Each structure stands twice: as structure tokens, then as C-alpha cells.
Amino acid sequence: MLILTCPYCGLAADETELSPGGEAHLKRFGPGSSDDAFTGYLFHRENPRGVHFERWRHSNGCGKWFLAARCTVTLEVFGTYPAQTTEPPAAILDAIRAKRPDWEGRA
Amino acid sequence: MKRYSAFAIAREAARWHMGWERAWRSPTPKAKYDVIVIGAGGHGLATAYYLGKNHGIRNVAVIEKGWLGGGNTGRNTTIIRSNYLQDPSAAIYEKARSLYETLSQDLNYNVMFSPRGVLMLAQTHHEVRGYLRTAHANKLQGVATEYIGPEKVKELCPIINLDGPRYPVLGALWQPRGGTARHDAVAWGYARACSDMGMDILQQTEVTAIRQAGGKVTGVETTKGAIACDKLAIVVAGHSGVLAEMAGFRLPIESVALQALVSEPIKPCMDVVVMANTVHGYMSQSDKGEMVIGGGADGYNNYTQRGSFHHVEETVRALVETFPMISRLKMLRWWGGIVDMTGDRSPILSKTPLGNCFINCGWGTGGFKAIPGSGWGMAELVARGEPGPLTAEFGLDRFREGRFIDESVAAGVAH
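Going line by line, the protein sequences match chains A and B.
For reference, each letter of the first sequence is one residue, going 28 to 134 in this note's numbering.
For reference, each letter of the second sequence is one residue, going 761 to 1175 in this note's numbering.
Do not take every clue at face value.
[Stated by the list, open to error] A partial selection of chain A residues facing chain B, derived with a Cβ cut-off under 10 Å:
1) 29
2) 39
3) 41
4) 50
5) 70
6) 73
These are computed hints drawn from the structure, not numbers from a lab.
No experiment lies behind these values; they were computed from the predicted model shown.
Backbone N, C-alpha and C define an ideal beta-carbon position, used for all residues, glycine too.
Next up, chain B with everything else stripped away, as it sits in the complex:
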């Protein structure tokens, strides 16, 4: 792989940009791999990348039924933060956030990580107490956050309306090193690095069955033929239930639609991410100038990658109240993704009833921010066959044993 650099740009500029090579190969499947990862989204590709980088396992295939990063990796609102209440969540999300800091250098691919800061508004007294508690918890966990008053909120985000008629802004939980990154670039960067390590990324290859013998996975059947493997990692977000059914076990997961939308591009007006959980909306401004908007998930099972209009209306209504200046903006694009929700709104990174099959799912509405940490932990789980410190608490058995990582209570909403 030729490295991307300023010199490479100069070199290519001098020869009409004819020397750029493809970022990743499109190989034909081998008969057998050490590890097969199902799902070439951010989490799947990161799992493969850290399998190679941290554990030296490079005979790996990443199988994707659509195109690379075409699921939720390309559909989220790109927010990165780690201000979680519970210790296991803070640990894995902070690991991810800290890996994002140097991911561009690590991958030699510009993921445009922008630590512009994340504000989570407190708009009820209950929320004020909740975020004070989170700020204290974050201090103990070593996550740099701070509870700030409304004046500081206005200073950080001048376009905000502090005195909304329903929910005035009483304060905010502020994480200065949170921010955004270019979501597609995260998938592309990992894919390029994986391909460079000799891993095969098989797009347009749908898994149709999981072959088993003696309580173990022996391989998968795909639309491009059967492929054998020693270990299998299922990292497919919204379709986890479908894959689990193929593998023959059940998950505490339901798949619902989560929507997002972007406005027409406008001049820079907001250089932080603002989340308002009470009124259910969040917004940031992309580098192109579009206001990127997200809200709550729909309430019923859905695989259509589109959601209900009234949820978007609720989100936009809340944001117009919070940011009156956006009321005349036209919305350019509107889309949905299928998110996998667990009962405690925390992910599952776990062994399964099949000895050499592992699953990474349940990130629900907040998976993008976790990609590097999730891949790091999942690679460790797959390589060793046992969970490491990052993933130990996220096993499937926590539901049976009542050891929830209850972020639904901590956040008050899906997050």
C-alpha cells in the first residue's frame, strides 16, 4: 500500500493523478479463513483490523451483504462522546474516543476527527441532578467532563435559545474532547488498512446459512459459495436477530428504525455538538455546513431503513424551539437505519452458545462513537476466546444474572 501524504499529493499532481491505487482489493473468497467477520461496517472492520494489529491474526475475511459501510456506519450523525454513567460503558466508549484521537495517523487515512466538544443540555431539574451525577462518575472513571451553567452554554453555542417556553436550558454536561468524525472515512480507513494486511473484504456477499458441527461453527454459506473458518464473529447491528436465528440462538434484541436528516448547507454557526435529551433532538454542523439532525428511535420492529414522519416532526419541533434560527432551513436529505436495541440499552460483546462463534451487537442508537473501542475489545474476545477487561461486563449472560449496564435509566432516553 502506498502511503497517503503531502508528498504523495505532490507526486500525483505532477502526473495528472494517474498513480493512485485502489484503497482496498476486491478478492475472490478463499476456501478457508482463520476468522470470518460477518458485517463490513465500522465495528466489523475495526474488529478485523485489531485482530491483525493487536493479535497477529491476518487470515481474515470480512463478509458484507451490501457495500462497505452502507448500513448504520453511513447513516449515523457521527457524534463521538464517552460521558456515560456506568463504569463498563465509560471504559469502552472512552477507549474508543481516545483511539479516535490518533486514528487518522494510525490508519494513514483522514477520518476528520474533530474534537469540537459535546454539550448535553439539562432542561429539567431531574436532568440537572442526573448530569451532576454523571459528571462525578466521569471524574472517578477518568473521563474529562464538566457540569456547566447556562452562561457557559450560551458562550459555547451562541445560537442557542436558553429561555425556551417549555424547557429552559438549566445547564449542560460538557465533554470538550468529544466531537464528530467523518463516518464513511472510518469504514474506508479501516478497510484499506485491513486489505493492506492481506485480509479479504468480500462485498456483495450475503451469508445465507451458518454451518455447524458438534456445537461449533465450521463455516458459512454465502451467495458466493461456502467458506470455512476456525472462528466466526457476527457484527451486523440491526440484522443480528436474523444471523442469530441462522446460528440457532436467541438474542435480547429488537430492531427498530432510527432516523436522521440534514439541512441545506449554511455558513458556520455552531462549532459544538448539542444534544437535548428531554426534548429529544441533537444537532451539529458538518464541515460542508449542513446542520446534521437526529432524534429518537421509532417504537416498533422495523427492517425498512425508513421511519415514521411524526418522529422527525417531534425532533425538528424541539430543535426549532432550542435553535430558533433554524426555523427557515430547508431539509436536504432524510434517511433511516435499523438499530438493534437491548433491554438495558447497552451493547453485547459476547461468547455465544456455539463455542467458536462470537457476537458484537446491541449498540442501538449509539454505535458509531464506539467503533474503535468495540473493535479493540471484540478482537481480544475473538483472539483469546475469552473476554478481556473492556468486554467482560458486556456478555449475554448479564440478562440472565441481572447484571444490567443500565444506560437507559442513566440517559433517560435511547442514546
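Here chain A stands alone, though its shape is the one from the complex:
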């Protein structure tokens, strides 16, 4: 059972309380952008075997969206943080590098 700590209410919520929302930090491309950029925004997704950043919603709790850094191979959680950010915060990156020294960073 996956357990994530909601950064808003501080609760350690198990996944029955949460809804997954896909890749985090997507950069939006809309009118005026190239077809390739728009296709990438709509369909292409990071699908790493390892460190992954994703959106989650504390749907059966406070209802807020937050972001999580997680390993897709071990299901280890490196940390969670509020959704109002376009990049993972330094503390999260440090936590990842402490446990995955050869991690090459976000693609």
C-alpha cells in the first residue's frame, strides 16, 4: 500500500484516500505553439523506471492537489510538496540524490 504525506494537512494518507493525477510539472503548450510541442504536451509522458514526479489529489481528505517524488521500481517515496511550483524544491532533490546518487536528474 502506497502511503503519501499530504503537504497541506500533514496526514500520512494511504492510497485509498488519494487519487493519482499523472506526471507533474507538465509545461503547457496551447494556441500559437508548434504541433510537435502541443502533441508532446497532450500525449508524451515521462515513463521512467526509477525516480518519477507526479500529481496526486488528497481526494478523500482535504481535497487538495499536491506533488510527490517517488521511485517506480521500489515504490519508495522521496517526499511530497505543494502543487504551486513549476520545479521540484531543492529539499526534494537533495532527498532523492541522498538515496539515488547516480540519478541523472529530470529528463
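Got chain A; can you put chain B on it based on the hints?
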């Protein structure tokens, strides 16, 4: 290769079964092949088989990081059907289903295809309309299906509870020539036939890099050394994203866990496959008597080949409501596989940005039923370098151009 037959059994019985030969060779890799197929699951082996059989390309290696058929080919619930709404899907799945009919004879290997019939229950009025539409579409596509009422459902599957408290059974989409097959045997049968054609199946050989020059693939690096090739086919299901990253392009795919489980064996009680998409569960009975159960996929990226307990609980809860007699059954085994989900829940059989590299992926939760058709179409794509009629609509460019083959809407769920 010595053929399997009743005479072979009699011959071997007379000499203490000492004369059976290995079903496939375990060769050392050659320096170069015409075609390398990455992934010795059903789809990869079928691709190699039809490359040899239909296109005469036999200098082929199938590279597998684990063991043959040890991924999703050995982890699915073995259901075969072709009752899809969209024309391109119906065409490729029906091609596969029709090839399954004679696959045992074709491969000289018993894949135990059992066309026992597949029932897809309609449990909401929306679903009734949806399946009526699919039944009409299937008539036009030449796929034999029929919409039937609840009495016929009860007749075909007496253990079903039509009057469930939440979702009574209002009817069903019935495909009498759908069914099941022995999943391992499909991989083993193709492997044996490929090996017999002189192809090399390299197990325990992991691809670590894809060599490129001038926008083309020149070969692969593996844990057993570098191997050159003229053409490369990537057929690795859940790990497609990892291979695509090695090759340097991106895919509209996310990998998630899909779980299945089987009960203790019981006496024969159900001779059809039943799928209930509204409540999210499906069940059939294996020849050993185990009830084979599957449900919905997990919602988040995962490479662990195990999934979340609450999804299994949802599936089992729904099936106990639909089949009250299974409520006391013990579950024997429970496992997960990593499935590659596309946005429109349809597969990708496509050229890639690299000229001589082709990819077959995105079968998501429903790849087993498609193995022969997928291999047939993929072999054509690899051999000619251009998609044929089976695969033309399944290109990667469909996302960019908005030509989805939208089975997620058609089925209402992953399928």
C-alpha cells in the same frame, strides 16, 4: 524438429520418453542478424515467426532480458475476443482470433485454444446502448457477435446472479467464437517454430544500449556483447518507455500495474468467459478448475509487477456480487504485470524516428488476445518498412494528427 503427434507419443512411450528433443535451441549470439526483435514475449516471438513464415526473413534473433514468455504473456488472464467497436481494432483483433483457431495445427504445438464464448455483461442502460452499437459495428466488420438478453445470459452461465443489488444484468454482448488459450503454450509454440526456422532466441540477454549512426540503428549492446542488425523491432510492452529512451524518442505511453489472481481448483461450473466492465471484473475457469480473475489496472506509474490490494478487493467484491457461489473460494495465487497504456487505449505498431527501427507496444491490458494478429502485422511492417492494411491506422503519428482509435470511450474502461 521432430513433429509432435500421437505417433510420437506412442514411440516415446515405448522407449521410456528418452527421445524427446529440446523444444528450442539456446544458441550463442551471432555477430549480425537481418532483424533483431527485442522481447521474447508472445508479440515478439509472433513477429519473428511471421517474418520467417510470411516474408522469408529467417536470419533473426529474438532477445529477451528474462526468460521466454515471462512478462505479460505469462501473466494475463488468457481471454481471446475481437468484439471491438472501432474498425482498425476489430480488424487486427479478429485477424488474431481467426489465427488462434488454427494456431495449434500451424505451430504443431497445442496452445489449447478453447472457443468457449465470451460474454460482456451490460449492467447499465448506457452499457446496453454501447453494446448494441458494438454489435451493429461488428456485423459491418464481419465479426460474429450478438446482443443477447438476460435469459440467454443465465442459460449460458447458470452460476450468474442476474438480480444483483447494485447492477442487475440487463443483457450482454456475446461472442461465441471468443474464448481462452494456454498463454505459456503460445509463447513456447512460437519459440519452437522460430527456433526450427533457424532463428536464435537469446534469453537472459538484456539490451543495454541501441547503437545508431546517421539516423539509423546499427545494432544493440547487450549483456552478452554487441550484436549488429539491419532492422530492429522493439516489442517489450511495459518497458517500451525504457527502450524508447535508449533509442532517443518519446512515446505517448505510461506503464502501470495490472493484477490477476486465481482461486483453488473446483469442479467445472462455468464454461464461458464473463466480463463485467461496469463493476470491473472478469472471470473464467481454467482447465485445471481454477477460477481465473482479473480487474482494473492501477492508476499510477509502476514497474514493480505487483499492484495495490484495494484494486483486487474491488474486483473480488464485484465478482462475488455477480457470482455469489464464489464467496467462500480461497485464492491461490495473485500477481501483477506491467502494462503499457496509451491515451486512446489502442496499440502502437509503427515506424519510429529512426529509419530502420519499428515499435510494437501500447497493448495495455489486452495484448494476449492480439498476439498472432500483432505478429502478422508487425512482421509485414518490419519486412516492407511500411505498414500494411492491418497496421496502417496504428502509427505513432495518429496522436499528432488526432486520428485516435478510441477504444477507451468504446469500452468505458481499460480492456
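Now the hints, each set against the structure:
no. : hint : result
1   : 29   : holds (7 Å)
2   : 39   : violated (16 Å)
3   : 41   : holds (9 Å)
4   : 50   : holds (8 Å)
5   : 70   : holds (4 Å)
6   : 73   : holds (8 Å)
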